[in-house]
Amino acid sequence: MTAIDWVIVVLRPLVPVVGALLLVPMLTWAERRGAGLMQDRPGPNRVGFFGWSAFGLGQALADALKFFFKEDITPDNADAFLYTLAPWIVMFSALVGFSVIPYGSTLPIAGRSIPLIGADIPIGALFIFAMAGLSVYGIVLAGWSSNNKYSLMGGFRSAAQVISYELAMTTAGAGVFLSAGSLRLTEVVASQEASILRWNAFPQFFGFLVFTISAFAETNRVPFDLAEADAELVGGYHTEYSAFKFGAFFMAEYVAMTVASGFIVTMYFGGWSLPFFHPQGLLGGLVSMAVFAAKTGFFLLTFIWVRWTLPRFRYDQLMRLGWKVLLPLAFANLLWTAILVRTGIL
Amino acid sequence: MSGARLVFDLAGAVAIVFAGIMVVHRNPIKSLLAVVVSFFAIAVGFVMLSAPFLGAIQVIVYAGAILVLFLFVTMLLNLDTESASSDRRPFQRGLALLGIVVFAAILLSAVRRSGSIVGPSGEPPATGEIEPLARALFSQAALPFEAVSILLLASLTGAYLLMRREPPAKTGSAENRP
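Sequences listed follow chains A and B, in order.
The working numbering numbers the first residue of the first sequence as 66 and each following residue consecutively.
The working numbering numbers the first residue of the second sequence as 2 and each following residue consecutively.
For the record, the hints were derived by calculation from the structure and aren't laboratory data.
Keep in mind that the hints are not guaranteed to be accurate.
Only some residues are given here: those of chain B computed to face chain A with a beta carbon under 10 Å [claimed, not checked]: (1) F54; (2) L68; (3) L70; (4) Q93.
Please read all numbers here as calculations on a predicted model, not as lab measurements.
The beta-carbon is built from N, C-alpha and C at its ideal position, and this holds for glycine as well.
Could you put the whole structure together from the sequences, leaning on the hints where they help?
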């Protein structure tokens with residue numbers, strides 16, 4: 066391999082991961098402006114650049130700087146090692162997911178055809194499930210190591226919630242693997258390329274519903290943010306955190322949202338493909354990336370939209386929904402997909 | 002020594018070291034975390050043996066679900082660090098040592114009989130790994146597979162029955178507790 070090949074190998078997973086990180090300030094801004102829109106108030110609209118208000122985009126940068134300059138506190142009786150480790154576990158588990166999601170077709174550059182995916186591994190989907198499941202360690206350990214009963218309660222809630230909803234999510238996802246015949250995410254996309262009716266969201270609508278709802282629960286977003294429930298638990302698992310350690314939790318939430326959106330798009334909305342438009346070459350590669358970004362952006366906005374629309378679940382409601390509604394629905398979807406595949410419709 | 006072999010051996014060493022930490026660490030939470038790291042290393046070992054599916058399942062099921070449950074319970078019980086280590090139990094220690102020696106002997110003889118030590122084959126990860134596994138699980142191994150499922154279901158029901166309390170007088174607080 067020449068030096069250029071090595072650069073490509075390094076850049077392929079780095080592009081979506083860095084992209085997701087750079088998206089975080091934009092998302093915090095979109096979240097607050099979205100909240101403002103829904104609550105009939107302006108939201109942050111003053112902090113700009115050099116006298117230009119830039120719709121308040123400067124606020125996002127100011128908030129990021131604030132994380133660096135605040136005092137970094139470790140409580141006296143906290144377990145310092147785990148307390149420091151916890152936010153980075155959450156951050157890591159959120160970031161690595163993007164390295165196996167295909168974010169475009171192929172890009173022909175300098176006589177090479179570069180597949181736009183970090184690593185096309187045969188168990189791509191399982192890799193994302195496995196890594197997303199790890200974030201619960203960060204949350205539970207943050208809660209436990211803080212030596213604060215509210216933090217601990219948040220950690221407990223998160224553990225119970227993630228285990229319950231992971232089950233529904235993987236069962237719903239199994240329907241997609243059944244129709245694609247593979248766990249490789251590039252093949253999942255390829256199986257949906259033919260027409261818009263092959264997008265899994267249509268034949269497996271309930272699977273899509275269960276998967277998306279579970280994704281909200283896995284990322285601890287409203288209406289499933291019981292782990293931080295500010296009205297009951299102060300801040301839940303991150304009550305004691307400040308400065309950049311809190312910033313890491315905060316960023317991880319948005320990165321996890323981005324990965325979840327990209328995963329939903331790949332599983333149920335044809336990934337980077339457009340059913341009626343297949344440009345080739347360089348243009349095709351660029352268009353496919355834009356299509357993936359647009360679809361992912363739509364789901365990111367949905368995450369924000371839901372947050373400012375729905376109230377938080379109560380704990381027993383959360384458990385009832387997960388075990389008595391979503392899981393049976395996911396199994397029904399699996400059966401339905403099996404029938405479709407067996408009869409040759411899919 | 003190839004790169005794959007190096008990673009495999011390193012993962013094996015990490016798995017053993019952290020299993021050791023699990024046994025000797027005084028803090029039950031840290032012990033559990035050592036098991037998590039050890040299981041991770043085993044998952045890496047599976048991947049290096051061209052079985053990425055097993056590796057992923059190892060992480061999802063053991064590290065991602067079962068050990069989270071253990072962690073949950075250990076935190077709930079709030080085991081005291083001091084009381085866990087005060088009891089020295091000399092008799093059991095001797096027995097444990099004997100157990101280690103016997104187990105090591107069995108392992109060694111098994112390795113010697115098979116003639117070779119398992120290592121990474123260097124082959125690319127098998128793409129069609131999941132299908133043969135599923136076929137074997139649902140055809141040849143269908144009976145033991147179902148038997149284990151029924152056993153698990155029975156123990157689950159048993160555990161529920163043992164833990165079941167009389168329905169509380171309408172306070173409404175019991176079911177909100179995690």
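Is the shortest C-beta separation between B/L68 and chain A less than 10 Å? 9 Å, holds
Closest C-beta approach of B/Q93 to chain A relative to 10 Å, hint status:
29 Å, violated
Margin query: Holds or violated: the hint that B/L70 contacts chain A, with Cβ atoms closer than 10 Å.
Written below: At 7 Å from the nearest chain A Cβ, B/L70 passes the 10 Å test, so the hint holds.
- Query: Would the stated hint for B/F54 survive a check requiring a Cβ distance to chain A of less than 10 Å?
  - Reply: 6 Å, holds
Going down the numbered hints, you'll see the structure goes against just number 4.
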